[in-house]
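Asks: This is what each chain is made of:
There are 2 protein chains.
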Amino acid sequence: MNRYKHVALIGLGLLASSISLAMRRADMTARITGTARSKATRDTALELGLVDAVFDTAAEAVKGADLVILCVPVGAMGAVAAEIAPHLNPGCTLTDVGSVKRAVVAAVAQHVPENIHFIPAHPMAGTEKSGPAAGFSSLFDNRWCLITPLPESDPAAVERLATFWTALGANVEEMEIDHHDLVAAVISHTPHLIAYTMVGVADGMNRVAKTEVVNYSAAGFRDFTRIAASDPTMWRDVFLSNKDATLEVLGRFTEELLALQRAIRLGDGDFLFDYFTRTRAIRRSIIDAGQDTEAPDFGRIKPEK
Amino acid sequence: MNRYKHVALIGLGLLASSISLAMRRADMTARITGTARSKATRDTALELGLVDAVFDTAAEAVKGADLVILCVPVGAMGAVAAEIAPHLNPGCTLTDVGSVKRAVVAAVAQHVPENIHFIPAHPMAGTEKSGPAAGFSSLFDNRWCLITPLPESDPAAVERLATFWTALGANVEEMEIDHHDLVAAVISHTPHLIAYTMVGVADGMNRVAKTEVVNYSAAGFRDFTRIAASDPTMWRDVFLSNKDATLEVLGRFTEELLALQRAIRLGDGDFLFDYFTRTRAIRRSIIDAGQDTEAPDFGRIKPEK
Chain A
28 MNRYKHVALI GLGLLASSIS LAMRRADMTA RITGTARSKA TRDTALELGL
78 VDAVFDTAAE AVKGADLVIL CVPVGAMGAV AAEIAPHLNP GCTLTDVGSV
128 KRAVVAAVAQ HVPENIHFIP AHPMAGTEKS GPAAGFSSLF DNRWCLITPL
178 PESDPAAVER LATFWTALGA NVEEMEIDHH DLVAAVISHT PHLIAYTMVG
228 VADGMNRVAK TEVVNYSAAG FRDFTRIAAS DPTMWRDVFL SNKDATLEVL
278 GRFTEELLAL QRAIRLGDGD FLFDYFTRTR AIRRSIIDAG QDTEAPDFGR
328 IKPEK
Chain B
28 MNRYKHVALI GLGLLASSIS LAMRRADMTA RITGTARSKA TRDTALELGL
78 VDAVFDTAAE AVKGADLVIL CVPVGAMGAV AAEIAPHLNP GCTLTDVGSV
128 KRAVVAAVAQ HVPENIHFIP AHPMAGTEKS GPAAGFSSLF DNRWCLITPL
178 PESDPAAVER LATFWTALGA NVEEMEIDHH DLVAAVISHT PHLIAYTMVG
228 VADGMNRVAK TEVVNYSAAG FRDFTRIAAS DPTMWRDVFL SNKDATLEVL
278 GRFTEELLAL QRAIRLGDGD FLFDYFTRTR AIRRSIIDAG QDTEAPDFGR
328 IKPEK
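Chains as they are written, first to last, in the numbering used here: chain A, 28 to 332; chain B, 28 to 332.
Possibly wrong hints are sitting among the right ones.
Since the list can't tell identical chains apart, any single copy or any two copies may satisfy a pair.
Claimed, not checked - Derived pair list, reagent style DMTMM-like, types lysine to aspartate or glutamate, alpha-carbon separation capped at 20 angstroms:
{"no.": "1", "residue 1": "K237", "residue 2": "E201"}
{"no.": "2", "residue 1": "K66", "residue 2": "D79"}
{"no.": "3", "residue 1": "K32", "residue 2": "E186"}
{"no.": "4", "residue 1": "K32", "residue 2": "D205"}
{"no.": "5", "residue 1": "K237", "residue 2": "E87"}
{"no.": "6", "residue 1": "K156", "residue 2": "D301"}
{"no.": "7", "residue 1": "K237", "residue 2": "E203"}
{"no.": "8", "residue 1": "K32", "residue 2": "E87"}
Think of the hints as simulated: they come from the structure by calculation, not from any bench.
Looking at chain A on its own, in the form it has when it is part of the complex (with noise of 0.2 angstroms):
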C-alpha cells in the first residue's frame, strides 16, 4: 500500500483532529502538519499531539506534503487554495472535507497547479461539537466517505485516497459531483436548516416561556437542538454554496409539510395515519444498514428492566 509520507492539514477543527487521531490508531506513520487561523486553535492543536508541527499559515504547512486536506469551512477553501497553489509539492494530492462539492471545485479548481491532483472528498460523518479538542479516532467508522473526482483525475491517484480514508475506518463510494450536492441536500443539509428553523421558533414563542422549552425538550424537541447546535459558520457557507440544491429540497418539504398541514386541518386521519406508516419502514432499512442502533434513545437514558 503506497501510504502518504507527509500530511497536511489546513484548518484544525473536528474534522482535522478526528482524521489525526484516526491515522495514530490506524499506526499510520505519515508526519503531520497544520495550521489554522487562530492561534488558540494552533495551540491546541499542538499540546494535544494532533500535529507534529504546527506553523502560521497555510503555506508553509503544505510545504514538502504528499497529502494536503483542506479542512476549512467551504466559504474558505478558495482563499486557502490561492494562497497554497505555488507551495505545494509536485505530484501531491490535494483534498478536502467540504459537505458541498460543486463550489469548491468552481472556487478551488482554478488555483491548482497541472501537476497538483486535485480530488474533492466529503466525509460524511460529525457530531454537533466543534474545534480541535472535540475530535475522536472513531469518528469515520462505518461512516460513508464520498470521492467525487474530477473527470481529469488520475484513478491511480484517486485509488491511493480512497485507501487512506478506508484505512480511517470510512465506507468510500465515488460519486458524480452534483449528485453529490443533491444528496447532501436531502439527507444532511435541509435536516440541518429545518432543525434550525424549529428551534428558532420555540425560541421565539412569546406565550410559551424559555424554560418550559429547555425542561420538557425530552418529548423530541432535543433532538431538534442537537442538530442546530452544530456550527453556525459552517453551516452558513453550506446553505449559501448549495443554493439550488437546497432551494429544490426545500419545496419538495413545503409542498408535503403543507398537504400534511391540510390533512391535519380538514380531519383526515386515513392520510397522517399511512404517511406516519410509510416513515417507520426507512427507520428500519437505517438500522439494517448499520447506520445507527435499535436502542430506544428519547429516554437519553439505557433500558434497565
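Position chain B relative to chain A; hints supplied.
Replies: Just chain B now, with coordinates in the frame of chain A:
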C-alpha cells in the same frame, strides 16, 4: 404517604409497561391489573409480569382499583371512559397519559361519575418504540410529568397523584389545560410532524436512491427517522386532537422557514449566521437543565481518544 393499593392500566404499551416497571422499582406493593385490545399484548404483559392479572375488558380491569390510568391513544379515550364509568370504584382517581389534554377532557369528563377524581396528566417521556415489551423502569427519571387538574379537582387527590409520579422518577408540574396543549405543540407535536415530513420527502425523491438515503443518513437525517418511527396511531390522534395549537405553531414554522429560504436565495450570510448562533444557545440551556447529555452523538459511537 397514601399510596394506591390497586392500579389498573388500560392499554399495555410503552407507557403502561414503563409505569409498571417503575412502580416495582419503587417497591410499590400495589396490585396491578390491566387490559389491552389485542390478545397478544395481554398475553405478553402477563408473561413479562407487568400485571398481576389481565382482563379481556377494561370494565373488568378497573374493578376495585383506586387508580385507573388510561394508556390508550388519545382518540380511544372517550370510548374507554364510557365503558369503564359504571364500574369505577367510588372515590378512585382516573387519570391518563395522553399527549393532548383539552381533547381528552372533552371526550372523558362527560362520562365520569361525580364520586370519581378525574385528573388528566401527561408524562413527557417516551421512545420511538411501542408495545408492552418496549417499557423500561427508568423511562420517567428526571423527565417531566405535567398534571392538568380541572377547576373542580380535589387538591388532595391531585397531590396524591403527583406523589405517585414523583415515586416513578418524574418531576411533576401543574399546568393549565390549554397552555399544556400549546407547549406540547411547540416542543413535541410540531417537531414530530416536521420529522415525518422530512423523512417523507427523502423517501419520495426520485433522483436520489433509497440506498443513498439510508447509507448516508448519519449526516443529520438519521435523527429525524428516529422521531418519525414513533407509533402512527398515537401520532395521528395527537394531530387530530391538538389541531388548533399545531396549526398555529406550523404557521410560525412556515414563516420562519421562508425567511431562511429567502436568505439563502439572496445570499444573506449574516442573517443565516446570526440565526444559527442564536439556536446554539438553546442547546446549552437544555444540557444545563439535565435534559440531555453533553456527549456528541451524531456518530453514535462513544469518543475514545
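Asks: For every hint, state whether the structure bears it out.
Replies: Structure-based check of all given hints:
1. K237 - E201: For K237 and E201, only the inter-copy Cα distance (17 angstroms) is at most 20 angstroms; the intra-copy one is 45 angstroms.
2. K66 - D79: Intra 16 angstroms, inter 66 angstroms, cutoff 20 angstroms: intra-copy only.
3. K32 - E186: Answer is within: at 16 angstroms inside a copy they meet the 20 angstroms cutoff, but 70 angstroms across does not.
4. K32 - D205: Neither, since 32 angstroms and 65 angstroms both go past 20 angstroms.
5. K237 - E87: For K237 and E87, neither the intra-copy (48 angstroms) nor the inter-copy (44 angstroms) Cα distance is at most 20 angstroms.
6. K156 - D301: between (37 angstroms within a copy, 18 angstroms between copies)
7. K237 - E203: Classified as between; 17 angstroms across copies, 44 angstroms inside a copy.
8. K32 - E87: within (17 angstroms within a copy, 76 angstroms between copies)
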